[in-house]
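If you read the protein sequences in the order shown, they are chains A and B. Reminder that position 111 of the first sequence reads as 111 in the numbering used here, one-by-one numbering, no gaps. Take the position in the second sequence, starting the count at 1, then add 379; the result is the number in the numbering used here.
Be aware that a few hints might be false.
Said to hold, decoys possible - Beta-carbon label-pair distances, calculated as ranges: (1) Val387(B) / Tyr348(A): 39 to 49 Å; (2) Val387(B) / Phe20(A): 39 to 49 Å; (3) Thr82(A) / Val387(B): 31 to 41 Å; (4) Thr63(A) / Tyr409(B): 19 to 29 Å; (5) Val387(B) / Ala229(A): 51 to 61 Å; (6) Val387(B) / Asn256(A): 43 to 53 Å; (7) Gly32(A) / Met412(B): 24 to 34 Å.
Simulated from the structure, these hints should not be mistaken for laboratory data. For every residue, glycine included, the Cβ atom is placed at its ideal position computed from N, Cα and C.
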Amino acid sequence: MFEGNLSNFLAQVFGGILSFGWQNVVMLLIGGLLLYLAIVKDYEPLLLLPIGFGAILINLPLTGLMGDEGILRALYNAGIATELFPCLLFVGIGAMTDFGPLLSNPRILLLGGAGQFGIYMTLLLALLLGFDRLEALSVGIIGACDGPTAIYVTSQFTPHLLGPISVAAYSYMALVPIIQPPVMRLLTTKKERVMVMSYANLKPVSRTIKILFPIMVTIITIIIAPFGAPLMGMLMFGNLIREAGVVERLVKTAENELSSLITLFLGLTIGATMDGHVFLQWKTLMIYGLGLVAIVGDTAAGIMMAKLMNVFCKEKINPLIGAAGISAFPMAARVVHKVGSEENKQNYLLMHAMGVNTGGQIGSVLAASIMLALVQAMK
Amino acid sequence: MTDMQYGVMLTIFGGGLTLIALGIIVAAIYIMMAFQPKP
């Protein structure tokens, strides 16, 4: 009896150490790397810090944090399994977004559509590499360059890939300033890069239009793709409360407290899905490779679309702004402006690029919504 | 249907529908802007 009690006692006291495997060690290092990138390198710290710490927590053995009654399981069930967290985050994103530059020059919304090309290119590549249909869809959505959308789609189709896909999506968003400029220089000539875009022909946008815009987009997109209602509806609701101008308190809450709270819980619960036994597979490495392909494809497609539009439009577009058609807002717009002003100090592309970037936000949510609808239809 | 056929169909219909939907939104914006009250 004493021996039974002793072995029980030892298992309780030293069980954590005895259960430590190589996967735990590797994942602790990966969690540490994410913390390093977030804290020291300032790469998307809002998400990578909680994800990194969540990964460390979940890979310490016998904690029960993701067990049936674990606190991280409770958060996961409340916000990820229900897709609530990404939808609420979109309220905050909508409240922070000014669609004014897009409304002044509506044709640039098409560049936001072209910026989603990487989704489909990556989807096809993932299928070629042996991912199954739903996994390929989830991997492809990294090309949306939109964290909440990637989380929303992945948690529906392939929750076991939520960890690697979220980390890939946010890591590559942080690396946009490194990934995009070489692609932009490769696909444009010097003459194109120095092209000045004027602000003289942009129409002023009234408050009425800014209020009607989110309502109009909600109705059109949800009629076309009803499955995207949670995403697009929340994004446009956030924008409506911003533009209405009569609920300042709600706007401040959405921009600050709501976004911060959800980001905190979201990051931690994503990190909690990064159990070493699930995360450490060849598929994870392939997901990172495909994520890079997706961002490069998006950038290239946006630039080529701008060049195509120049064939038909009298008023020319600097093709560089096509690269802002990805949803990494406002990072992509700043990168475009920086590359443009390096080529020609007189060129101020920022507001044009911001318009394209916000168009990319709509494009990514729309592309994901349509994809969700088609998957249901093709079942 | 093979996985690649599924992927190609999704790409054609998904990409096409996205561009069509965006085109409709662009047209709607131009219409709204044409009738907007002077800011």
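Taking the hints in turn, this is what the structure says about them:
1. Val387(B) / Tyr348(A): 39 to 49 Å: Since the Cβ atoms of Val387(B) and Tyr348(A) sit about 41 Å apart, the hinted range of 39 to 49 Å holds.
2. Val387(B) / Phe20(A): 39 to 49 Å: holds (46 Å)
3. Thr82(A) / Val387(B): 31 to 41 Å: holds (33 Å)
4. Thr63(A) / Tyr409(B): 19 to 29 Å: The hinted range 19 to 29 Å is violated for Thr63(A) and Tyr409(B), with Cβ atoms some 57 Å apart.
5. Val387(B) / Ala229(A): 51 to 61 Å: About 27 Å separates the Cβ atoms of Val387(B) and Ala229(A), which means 51 to 61 Å is violated.
6. Val387(B) / Asn256(A): 43 to 53 Å: holds (44 Å)
7. Gly32(A) / Met412(B): 24 to 34 Å: Taking Cβ atoms as reference, Gly32(A) and Met412(B) lie about 51 Å apart, which means the hint is violated.
Against the hints set out earlier in the document, violations occur for numbers 4, 5 and 7.
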